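Protein chains in written order, with our numbering: chain S, -12 to 210; chain Y, -12 to 210.
Keep in mind the hints are simulated off the structure, nothing from the lab. Heads up, a few of these hints could be off.
Copies of the same chain look alike in the list, so a pair counts if it fits in one copy or across any two.
Unchecked claim - Calculated lysine to aspartate or glutamate pairs in the EDC-like style (CA-CA distance at most 20 angstroms, straight line):
| hint | residue 1 | residue 2 |
| --- | --- | --- |
| 1 | K197 | D127 |
| 2 | K197 | D53 |
| 3 | K197 | E44 |
| 4 | K1 | D127 |
| 5 | K1 | D16 |
| 6 | K35 | D123 |
| 7 | K35 | E(-1) |
Remember, predicted model here, so these are calculated numbers, not experimental data.
Number of protein chains: 2
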Amino acid sequence: MTRTRFQSGLDELKGRLTEMSITAERAIDLGVEAYLGRDADTANEVFKVERATNSAEREIDQLAIDLLAMQQPMAVDLRFITACMKINADLERVGDLAVNIAERALAEINRPKMQLPADLGRMATTAAGMIRRALDSFVDANAELAEAVLIMDDAVDRMNKEIFVSMASLMRSNPQAVDQALDAVVVARALERVADHATNIAEDVIFWVKGKDVRHGVAEQAS
Amino acid sequence: MTRTRFQSGLDELKGRLTEMSITAERAIDLGVEAYLGRDADTANEVFKVERATNSAEREIDQLAIDLLAMQQPMAVDLRFITACMKINADLERVGDLAVNIAERALAEINRPKMQLPADLGRMATTAAGMIRRALDSFVDANAELAEAVLIMDDAVDRMNKEIFVSMASLMRSNPQAVDQALDAVVVARALERVADHATNIAEDVIFWVKGKDVRHGVAEQAS
């Protein structure tokens, strides 16, 4: 009976974390949409969504601590719960990065519009996709999918470096583009950090799943 | 007897985390020293120190998980151990940020030296000092000291914004300063994120200590 309550607590934890991930991904999508579309309403929506991730983070943390306190967890559950706490912290930071992007969106609104040689839309799609896949790998306990996330991170790092180099070159040749190019650099770095958080999550999943492999037999219960 | 072994495990956890914090702080100091002094040897030292923080992070995590598995922890110990895991993750990220700074140091070596209106040395001292105080507040379970860290974070945010504005202005007026000014912006943002991690740690300490206050009586054992 207690075991069942514990088990449903684990399920709730996984469900809450999945919701949190959808919210964090949405914050990034909205932030980049606000930046590319110069849309203050969408930027303000990001600030609202980020406050929601902050409350969700605290609640998820408390849920995890309550589960740890509820009974002597088995090793496999322990790894699952501690992985949840780490993933939770990463997702909350993704919300912070969405706010950084939304701040740049608001700054851009007052500036002349400029076509920049920086495909931030594509970079955002890749970074947000990494968050989604990292969470999918977590929900499905799929280490292979988690490893695919690590490979995507290299692509995002490359995009960030390319944008850095091309924005520096633009600023040298056109001083009037400095503010807009600088904002693009900041947005690209924020997206690169989103990808880093997805990578952290994927690494936690690999650690958790490998722990399960070692402890074969009790492995199924937490998945 | 088991309780004593658990207690010494908690002490070891605290000791390892304190070492980790000293190492992370050193990585930041070295990174900024390498950047300001254009010194490749010091930059390479940062890469070595960062690898050490990566191994330390994994060991500290394992130690925390082993403690959670060892016995049914009391609420106060549970909060302490989970706070350690969060602080550990923050300190590892500080190491990553030191690497970002060291990379900018290596990039600067090939560029003409330039006097920039950006006091990154002062900003680094403040950010590294925040890490030290955050850890002191943790070791002493001192919520007041932790709250002082939160106030310092506002000062670092201000320095970051000032550097951003003055570097943008420099780039507009002197296109030849673009690369150096852009590096200064990246270093300033890295330091601002170091300060954010110190803030996260301080918040964890406040949460942990307040948990102790509520659970008066059993409060002393984990301190």
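Hint by hint, here is what the structure shows:
1. Taking the shortest alpha-carbon separations for K197 and D127, only the intra-copy value of 13 angstroms comes in at or below 20 angstroms, while the best inter-copy value is 36 angstroms.
2. Taking the shortest Cα distances, K197 and D53 sit within 20 angstroms of each other only across copies (16 angstroms), while inside one copy they are farther apart (25 angstroms).
3. For a Cα distance limit of 20 angstroms, the shortest separation of K197 from E44 across copies, 18 angstroms, qualifies, whereas the shortest one inside one copy, 26 angstroms, does not.
4. For a Cα distance limit of 20 angstroms, the shortest separation of K1 from D127 inside one copy, 11 angstroms, qualifies, whereas the shortest one across copies, 34 angstroms, does not.
5. In this assembly of identical chains, K1 and D16 lie within 20 angstroms of each other by CA distance neither inside one copy nor across copies; the values are 23 angstroms within and 39 angstroms between.
6. For the homomeric pair K35 and D123, neither the shortest alpha-carbon distance inside one copy (25 angstroms) nor that between copies (34 angstroms) is at most 20 angstroms.
7. Proximity of K35 and E(-1) under a CA criterion of 20 angstroms is satisfied in neither setting, with 24 angstroms inside one chain copy and 41 angstroms between copies.
Going down the numbered hints, you'll see the structure goes against 5, 6, 7, while the others check out.
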